[in-house]
Each structure stands twice: as structure tokens, then as C-alpha cells.
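Asker: Below, each chain spelled out in residue letters.
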Amino acid sequence: MQLIPCPWCGPRDDAEFHYGAEAHVVRPAVPADCSDAEWEAYLYLRRNTKGPFAERWMHTNGCRRWFNVIRDTYTHEIFASYKPGEPMPDIAQLTAKKDA
Amino acid sequence: MADTAPQAFSPLSGHIGPVGGPHHAGVVLREVAGLSLINLRGDAEKAFAGHVETVLGVALPTAPNTAACTEGLSLLWLGPDEWLAVSEDGDSPALCARLEEAMSRVHHAVVDLSDNYAVIELSGHAARWVLAKGWPQDLHPSAFKPGQCSQGLLGLAQIVLEQTAEDAYRLFVRPSFAAYLWDWLVDASADVGVRVAPPDAPT
Amino acid sequence: MSRQPNRIAPHATLGGGRIDRSRPLGFRFDGKSYTGYAGDTLASALLANDVHLVGRSFKYHRPRGILGLGAEEPNALIQLARGNRSEPNLRATQIELFDGLDASSQNRWPCLKYDVGAVNSTLHRLFPAGFYYKTFMWPASMWLTYEEVIRNAAGLGKAPEGPDPDRYEHMHTHPDVLIVGAGPAGLAAALAAGRTGARVVLADEQAEFGGSLLSEDDVFIDGKPGPDWVAEVVAELASMPEVTLLPRTCVHAYLDHNYLLAAERVTDHIGAVIPNTPRQRLWKIRAKQVVLAAGTLERPLVFRDNDRPGVMLSTAARGYAVRYGVTAGRKPLIVTGHDDGYRTALAYAARGAQVAAIVDLRPEPSGPLVDAAREKGIDILAGHSVAGAHGGHRVEGVDVAEMTTDGSGLAKVTRRIGCDLVAMCGGFNPTVHLFSQSRGKLRWDAELDAFVPATVHDPKHAPQASVGGCAGTMTIAQAVKDGIKAGLDAARATGSTARQPAAPKVDEPGMGEHRTVWVLPSDKPVGHKGKHFVDFQNDVTAADLNLAAREGYRSIEHVKRYTTTGMGTDQGKTSNVNALAIVAATLGTDIPAVGTTTFRPPYTPTTIGAYGGRNIGKLFDPVRTTAADPWHKAHGAKFEHVGQWMRPWYYPKAGETMRQAVDRECMAARNAVGILDASTLGKIDVRGKDSAEFLNRVYTNAWLKLGIGKCRYGLMLNDAGFVIDDGVTTRLADDRFHMTTTTGGAARVLSHLEEHLQTEWPDLEVYLTSVTEQWSVASICGAKCRELLAELCDDIDLSNDAFPFMAMKEGTVAGIPARVYRISFTGELSFEINVPRRYGMALWEALMAAGEKHGITPYGTEAMHVLRAERGFIIVGQETDGSVTPFDLAMDWIVSKTKTDFIGKRGLFRPDLMLPDRKQLVGLLTENPNEVLPEGAQIVEEVKPQPPMVMLGHVTSSYYSANCGRSIAMALVKGGHGRKGDTLSVPLAGKTIKVTVTDPVFFDLEGSRRDG
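Chains as they are written, first to last, in full-length UniProt numbering: chain E, 1 to 100; chain F, 1 to 203; chain W, 1 to 1012.
Do not take every clue at face value.
[As the list claims (entries may be wrong)] Interface residues of chain F toward chain E, partial, derived using beta-carbon atoms under 10 Å:
#1 48
#2 82
#3 93
[What the hints assert, rightly or not] Below 30 Å or equal to it, Euclidean Cα-Cα: the simulated DSS-like pairs (lysine-lysine) are:
#4 W/529 x W/689
#5 W/441 x E/50
#6 E/83 x W/288
#7 W/638 x W/618
#8 E/83 x W/689
#9 W/994 x W/980
#10 W/529 x W/331
#11 W/710 x W/809
#12 E/83 x W/905
#13 E/50 x W/460
#14 W/974 x W/905
#15 W/689 x F/46
#16 F/145 x W/974
#17 F/46 x E/83
#18 W/412 x W/529
#19 W/705 x W/897
#20 W/919 x W/897
#21 F/145 x W/460
#22 F/145 x E/83
#23 W/331 x W/113
#24 E/50 x W/288
#25 E/83 x W/460
#26 W/897 x W/710
#27 W/853 x W/919
#28 W/460 x W/224
#29 F/46 x F/145
Calculated directly from the structure, the hints in this document are not laboratory data. Virtual Cβ for every residue (Gly too), placed ideally from N, Cα, C.
If we strip away everything but chain E, and leave its shape as in the complex, we get:
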């Protein structure tokens, strides 16, 4: 059982959370302007990253907030967790720090 760091409540068992897949997928401001291909990409096309990945979680059984986590999908290492609206940290920098 992974420990997911809620930016408010701190690390909690992953069973308290709902997984929200890739983060920073922004809903187009004017959907009507999207081509079919663009809308399809927004709806369905997601990275399937093996390695550090920015993803969304919701603290369903806690404070009910959505937030973002940089997590290695293979090793389950967690590099950062941040609130919605905050910029995505530089993943390369985060993971490099670990090796140093």
C-alpha cells in the first residue's frame, strides 16, 4: 500500500484516495473550436509513462481535494505533491536531485 502525500492532510494510505490519471490535461477553453482530432485527444489520448509522471489524485476519504503528484509509475517513488493551479515541477530536476 503506497503512501500518497495529500498536500493538506499529509501522507495517507492510497486506499483513501481516488486516482485521477494524467495531470495538466486542460479542458479546451472553447471546445467548439476544437477539431474532432483535438477533442478526441483531449478525451482519450494520455501518456502511458513508465517512470516519473505527473498525475492527479483526490483525497476521497479525507479532505475531498484534488491535487497532483509526481510519482514514478514503476518504482512507486514519490517526488512531489502540489495543489491544483500550481505549476508542474521540473521532473528532470526532481529526479536528478535524488541521484545526487
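Using the hints provided, position chains F and W relative to the given structure of chain E.
Answerer: What follows is chains F and W alone, placed relative to chain E:
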């Protein structure tokens, strides 16, 4: 029209067996009925916070998972913009009205949830042991103590847990889960002994 | 009481072991009575009674004896007979003896000594590696038949027939330091960590702490015998308030981020049920730091017929003598490539046994232990091999001969030495299972000839240390030193500043170089005359592994699955490394190149009951009920599950069938008064100045201009354009709405809305609060419902003009403050009365009492479904399945043409969603009005004698409607909107039903009844 005042039932009325149990029981369980439970939403960094303090007489706790308490009232942090006011004063509509009035000009939500929760008090020297059977969060005094609250799953029920004293907790749960939670607590207390105290409705 | 022929009298200086001779315990094995002592395991008690034959092997049904001392045991699998508490596949080496224990051997028929299956052994040439795959794969359809026969023949124990009567529970704990294993390293770590005041959990799978120290009589710590030091340490640990000692607790799973699972056997060793006490407790441990001190597992040697009962691991043979005071043989022969084997010889010699010989694989053994053995006059055969063992139900002797220098063959002819015990020492494998489960990387240590921990997987989130034997440390002095350091480091990492205590002085025999020979050379090649067993439990031999390698298997993972080596309940604790070495040798490569096997949880088999905990019976899943539930129960309602809710389904009167009850309820709900408990609908309070704008974005229709006190039906889509929920939302104030959702969708909808508010539109001033259970809802409908309500409510003008359809009024009903909504899911005049939950029962009873004269009839979910279907109202999740658009439902009227955007709008204009032949909602009428289509039935145009047929769609809802006097159905049919009036077919088993496609509205086509 009805001739008499309508009868109100607490969520666990009819479910709890006879009160009583061994005097030295490890835990004591009781349903707490008649509390006012009011959900508050607002921006703690804006005027909202001051209005809450003016009406309730206690400052909004902004540290996650903490509770601010004053005589007959505690204010539980539920989220960065969400709190639960728990008042021994059972007149929740009046309290809601005062809150609404105070903060009519700021973005807020005041929602009476007095009927949306059942409240169970769990106390006794084995209370922590019993909770730890189903509560995945750390309850050790170095991690959780009176004045703290937290949301999570106890067994299969989503609850708000407030520690009210060294060996006493309040559990807030949706009424439809109350019977499950009660049965779970009674079952989990079997090894330490359980006494059921009469429901104690504060005035 | 039977005597215990192999029990050794207590030794003058070495003592009598860890058993309590003043407490004899009676037990039964295969129906025969024996006696052992408190402190025994079943294995030690059986050996004390000279019972060596304890089971038959899995494939060949060869007689098998006890091989090990603990969790590693592959042979002695036992069934405990305790009625519905009976449990199969327990290791006799781990079962603590209790009075009245009743055990039986497994995998034998008709009895252990004369087993029919043993014929497999003589036909062994028919059972090569991959035998099952090669033989039973053709024809594929026969596999199930083969499997049943094979499983019967294999018969790994029996499951009890009835439910498990025992209690189990879970326990969460969050120590600063979890220490796994209470041998010398673990105890030292616990002491060092505990003295800092840190929260420590020390768990060991055995009943008694001490690990290997309990089985040695030649180790002294600070001048005291090992067990005395253990007792002192344990006493100090027990006095520390923040230290939790968990004996009989096997840490068996090491999961992400230092989450570990441990199963505690709370009452298993007592053999009686202790009221209110769980049988086992599953500890869920989230540790800040983990110290693994799991010790080592000894490796068997691979030689011909090394599975004869009486051939056992050297440390096991020694453990039975030292710890349990039991001699596993009067004439032991030791075969070893390691000085440790000499300790067994010396332990037996000290207890009066006549050691037949020490067969040493090393050409020139030397060192203090070798000297001690020589001094005792024990015959040492240096550079020798055991070419094979003899005996049937018990080993009788071995063939020995000098080896060639490289150990690949015999240099001389064999000679036979008689013995009744062969103690073999093939070296030691660090118990790296948990380390490996935590995804740590292993390294092959060529000096130890074993895998040792190399790299911790995730030191940031799963900080851990391995110490002692499981780290490859082979002396107790070093293990204790490392344990102290690891315990202290772990405590310091969580904040302690304590200083390191001094390490105790350890006196233990010095060890010299060892020699590893993976397959002992013999006078006959491997695979001829006799078997060299590698995996005892799954009957995998060296010849099988050779064959697999020759057939082209290269990956050890494939070899494992092909030969089944390491796949038994012991997961190859004694076999994995030997198997790797043999495969590597056959392939002409080295062991690391072949790889390691993956260790997966659990370390040892764990009961399902422990995992279930108290989530069984009435606590299996919460059953949610409404405030009026006691009334429903008292009035004979039949219930149906809707998610976790238990809702009244129908209320049969005496003698009524379900159909009769539902027909009656449906008629009454239109012609008199029907009452439905609608409390389970999801309810959300929407608050803030942007609430209307928010609703405008999440519903397909327009919300900005909805008047206060007015209600509107809304359809919610996802951005793909598919319907996900529906419900009525009411404007309570300029900045406040009361939204309702479907019962099953309540949590999902709130989550969907919060997601958009928090992540897409944080600028909107809207707060959502679930109020589902704040309100109890009684929905009344039918011709007389206005009259009924008027009797209970005098502060709301109920007339059609004052209180029109789709409006809400606040008032008092039966003396209860209420919100009354004039909304309808039946098409009838209808009022939904919402009161605070505490008054839910009072409201219901008041309505029932006042409604009696109007023929008030409670109706359940079944009648509700029929009534709404009569009017063609959809149920999300029944008429929709996540791939249905509002246009498919012919609900174009609710999709705003003028709004520039709402969730789902862009999706609706994707090409696929605009195709003319999409499945569309229609009504179906059967030719025979009394025939009710089954829901889910497929609809076709052209019926063929048998499938496949071209399927046009399926029936989504189907009922008999008493109000219509016939059956009615709704269906999703390809291009259905253009097929009105067509005749289609519903082919069923044995018959075909003709149906006419219609509008999905069957009753009150003009919709005139909603105003009463």
C-alpha cells in the same frame, strides 16, 4: 393536523440493545443525539473567518485535521475551505440563521447537517486499541491527540474522528452507516469488554 | 501415556532444551496416541516418538520424513482435524503442540505406510519435467477431466465443509522501527532502538524469541548461554512501554512504502476457543524504518534418494536435539561442506549418540570444530561424497566414496555406511524473501555461494536495513554488532539522539572455509536408478532441471513454471538456489546469469480468515437503510439492494405473488394514493453566486433564468457526450440550489462536479455539500394525493395555480417543517415531501394513517420502475450504459442549442455520435399482450436457425403494466427512431417473440395526469 408534536428518532434509536455491560469494560459506547452539526465553507484568509469567530466565539482552525474548541462547541477542520461546527446547542436552524446573517456578503456555505450524521462516542482505556483494529491512521499520542480530528475509513464506513480526551473519541458517520459502525465497534470491542451508556442528549 | 523413546534425558551441563518436562501433552497422529511436552512442535514430538514417516510426496507418493525445523519444511504437511476449524497443509515443524491435538498426514491413500499412488514412483520415467503440459494438453477439451483426476491423486489436504467458526481481526500499527526476526541480530536491534524510547515492534514467527540461539549449545553471550541472554533481553524489552513484542507473528508481506503485513497466531497454540478472542490477528504495519533480521535457511544437499525419511537438514537435526531434547537418530551420519555440520555431530555425540561418520566434501577440513570432532573420535571422511541413500520408510545407510578433486565424479568405488539419520549441510541462504519483496536487488556472493541483499529499492520511502544471517553475516558476534547499529540508526532516523550501547561479548565456534558441491557425484549418472531431489514438496529432481535446460528453457522463471520447482506452498525455501545452480551448470553459465527467482508475498501460507478480518457476516458490507426502514420491515416489504442501500422492492400482502403485489401497487399509485420512500436519492446543496452558471455548465439545458422556488429536470453528460446522471434541481435562493441525483450516482456525481470545480473552474464561487441523508423523502402520488396532503398541511396552498408542477414550497406537514416539491417520476400528480431525517418515520406514519381512507398504498422500487416506464421516463444505468447520448434517447428537447458550451456539448458533435444508425431508445410491444420480454434480450430483424444473427440492440426495461393492461418494454435499437411501426424479433431459447417498435410512452400519452 397532528395532535401531538411529531416524534424524532436518532439514527441509532431502535438499533442499540439494552444499555449496560461490565463496569470495568475496556470501552464505553454511546450515541450522542441532539447536537447541532453545521457544515461551513469559505475562505479562511478572507472575512469569512472573522464572521465565523464572531458568531461561534472560536477561531477557525486552519491547521489540517485539528479542532478548535470552546465551551459546548468544537469546530473541526475538514478541508482547506471546509469545517464542521459541532454544538451542544440543539437549535441548529437558529445557529444557521445567525451564521448566514453574519456572512451574507462573503462567499460561503452554511449547511445544516444535524440530521446528516450519527454521532457515536467511544471512550475507555481500550478505546485506542479498538479503533486501531479498523482505522489505518496513526492514533499514537505522538501522532493524534485531543484537539485533533481526521477523516477516513473505519472498517468500511467513512467517518470523521475527533479525539475529545485522552481516552475518548467522537465518531461522526452518515446515519445509514450508523448501524454498521455500531455493530463493528461492538464486535471489535469483544476482547476488551464493552458497556453501552444511555444516549445522552445535551440540552 | 506412551513413552517417548527418542527423548534425551537432560544433559548435566547442556541442559534439556526449551521444553517443559513437567507438562506432558497427549496428541494423536493418524489416529494413534502419543505424548509430547509443552514447548514441543508437532515435529519434535513426532520425532520424540520415533515417528519419521510423516507424509507422501506430491507426485511420486514417496515416503517422506521431516526435513527442516521451521517455515522451510517442504515434506511434513499436516492436516489438523478440528471440525470446521480443520486446516490443511500446515507444517508440522511450526505447529505448537497442545493437549488433544489431532493431526493427520496428507497425500496418502489408503494409509501412510501402504500408499497406492506410490506406483507413480516406479513409473517415474513417465513423469518427466513438464509431464502435465506434455501429456494432458490434447485434446484441450479434456483438460478439465484430467485436472480433476490429477488433483484427486495429488490431494493436498482437505478443506472443511462448513463456515469457519473462528474470529479474526486486523490491527494497524505505525512503529518507528519494525524489526523482523527475534534472533540475536533482531533482539540486539530491538534493544538498541527500544532504549532510545522509539516505538518498536519486534515480530518473530516462532513461539519463543531467540532464533538460532535456542538451537545452539555452544554460543555464550557475555558469558551466559545464548538462551539466558535472550531471556534477559526479552525481559528488558517487555518492560519498555513503547515496545510491542509479537511472538508467533509471521511478517509475510513487504509492500510499498514500508507497509508490511504480519499474521499473529493468537490462540492456535492453545487448541481451544477463547471466547471473544480472535484466532489470528493480521497486523498492518506502516513502519518508518524496517530492520530485517530474518536469519538464514539451510540448503539441502542434492544426492541420490536424498528424500528418505531420516535425511534432514543439519541445523534441524541439531535443533531437535538441543532445543527439544529429541534425538532424530541414534546413529547419525553428517554430510557437509561446511564447519557448521560438525556442530551437529558434536551436539549428538555430547548427547550420547554414536556418530556414524562425518562425510566432508572438503578435501582438507581444518579448524577448531574439526579438531573437536577428531578429539571425540568421530570418523571424518574428507573429500568424500554421499553417492546415494538407502532405506524405505527410514534411511538405513548411505553409499560414500572419495570424490575427484573437482568434485564432478567419484575417484573410488563406493562403500556403504549404516546410519539412521543423515544430517546434511549444503550451506546457508540468507532469508532475503522480504528484502526481495520490497523490490530490493540481490547480489550473488561467490564467497558465501548465496544471494545477499545488494540495493534497497526505495530508501526514501522504504528505509530499511538487513542485518545478521539475512544480510549474509555468518557470525553471531557480527550479527549482534550490526543489529545494535541498525536498531540505533533506525531510531535515530526518526529523531532519537541516543548513543550506541556497547556490543556484548560473544563466544562462538570459529568457522573455516566451506565447499559447495551442487550435485553430489554418484556412481550412476543423474536420472538413472534413484532420484536426486531438489524440490521435495513438488517432487522436482536434478534430472528434471537438466531436461528442462536441454529442452531449451533459459529463463529461471520459465524453468520454474515448466518443472514446478519452487512452486509449492513452501515456495522453494530449500530448493530455489540449488535449482538455479543446477540449471546454470547444465547451461554452462554462472548462477547470476540464470537470474534469481522473484519472491512474492506471502512468505508462508496465511489463512484467508486473517485477511478477511471482521469483514464477514453482517459486517461484510454496510447495509444502508432509511429512517422509515423499521416500518417497511414491519409491513412485510421485500427488499432489493441498490448499491449499499436496502430499498423496499414491493410489499406483498398475504398470498400475493410479486406480480400481483406490483400490479396492485401500480394501480393504486395512479387511481388512489401511492407512497414511495425516496430518501435514498442523492442530494447536493449548491451554494454561491456562480451556482446558476455552474449548473449551466454541468447540465445540458439552461439554468440562468430558473425562478426561485422552481424546479427543473437536468441531464448530466460527460465530456464524451454520454449521459451519466439525471435529476431535478430546485432554486432555493438566488445563490442556492438543491440538486438531486440518482441513488446509485450520488457519490459519483458529487465527485464529477467537485473535479470540475476544483481543477477546471476554480474561479467559480460555488460550494457543494452533500445533504443526502439530511432529508427523509416520502413521495406521494395519485388521484387522491392532493386531498391527503391537504389534511396534513395547512400552511401551503396546494391548488394547481398556487403550487404548480415543478415548484417547491416550504411549510409544515404533520407538524414537521418540510420542503414539498411538486415533481413527478410517475406522471401522476405527485408531491415529494422532504423533512429532516429524524422525522422521517413520523412523516411516513402520519401519511399512512391519514391516507388509509384514500386507499394509500406503499409501493417499492419495482412498481416505481413500472410506473415511470409507462410514461417513458428513463433510468440512468438501465436505459443508458455509458454509451448513450440525449439524442439517442430522443431527448433533444433538453439539449440547449444556444449555450456555447456545457460538459458534453462538443462530444455530441463527434462524427460517431451523429451516425444515423446509432442505437436509439424505442418502445416495444409484444404481439401477445401477456408476454413479458426478458430484460437484456437481443433484438434482430432476421431470425436464423441459430446464432450468429445480426443484432440490432437489446431490451433495457420490460414489465407487465397493469395500468396499460399489457406488457411494455423499452429497448435500444439501431436506427430505432426510424423504425417506429416496424416488426422485429426477439429470439429466445426455444421461441421467438415478435415485437412492434413504438414510442416509449405507453400511458397517458397526452401527459394530462400530472396536475391531478
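Asker: Each hint: holds or not?
Answerer: Cross-check of the supplied hints:
1. 48: For residue 48 of chain F, the interface hint is violated, since the closest Cβ of chain E sits about 17 Å away, which is over 10 Å.
2. 82: holds (7 Å)
3. 93: violated (26 Å)
4. W/529 x W/689: Since the Cα atoms of residue 529 of chain W and residue 689 of chain W sit roughly 89 Å apart, the hinted pair is violated (cutoff 30 Å).
5. W/441 x E/50: Judged against 30 Å, a Cα distance of about 19 Å means the pair holds.
6. E/83 x W/288: Roughly 25 Å between the alpha carbons, so the hint for residue 83 of chain E and residue 288 of chain W holds.
7. W/638 x W/618: holds (18 Å)
8. E/83 x W/689: holds (24 Å)
9. W/994 x W/980: holds (14 Å)
10. W/529 x W/331: With Cα atoms ~26 Å apart, residue 529 of chain W and residue 331 of chain W stay inside 30 Å; holds.
11. W/710 x W/809: holds (9 Å)
12. E/83 x W/905: Status holds; Cα separation ~29 Å.
13. E/50 x W/460: holds (19 Å)
14. W/974 x W/905: Cα-Cα ~22 Å, so holds.
15. W/689 x F/46: holds (16 Å)
16. F/145 x W/974: Cα-Cα ~62 Å, so violated.
17. F/46 x E/83: holds (19 Å)
18. W/412 x W/529: Distance ~19 Å between residue 412 of chain W and residue 529 of chain W Cα, so the pair holds.
19. W/705 x W/897: holds (16 Å)
20. W/919 x W/897: holds (22 Å)
21. F/145 x W/460: holds (27 Å)
22. F/145 x E/83: Between residue 145 of chain F and residue 83 of chain E the Cα gap is close to 27 Å, so the pair holds against 30 Å.
23. W/331 x W/113: holds (23 Å)
24. E/50 x W/288: With Cα atoms ~27 Å apart, residue 50 of chain E and residue 288 of chain W stay inside 30 Å; holds.
25. E/83 x W/460: Measuring from Cα to Cα gives roughly 22 Å; hence the hint holds.
26. W/897 x W/710: Cα-Cα ~22 Å, so holds.
27. W/853 x W/919: Not OK: residue 853 of chain W and residue 919 of chain W at ~47 Å, beyond 30 Å, violated.
28. W/460 x W/224: With Cα atoms ~39 Å apart, residue 460 of chain W and residue 224 of chain W exceed 30 Å; violated.
29. F/46 x F/145: Given pair residue 46 of chain F, residue 145 of chain F holds - Cα atoms ~29 Å apart, limit 30 Å.
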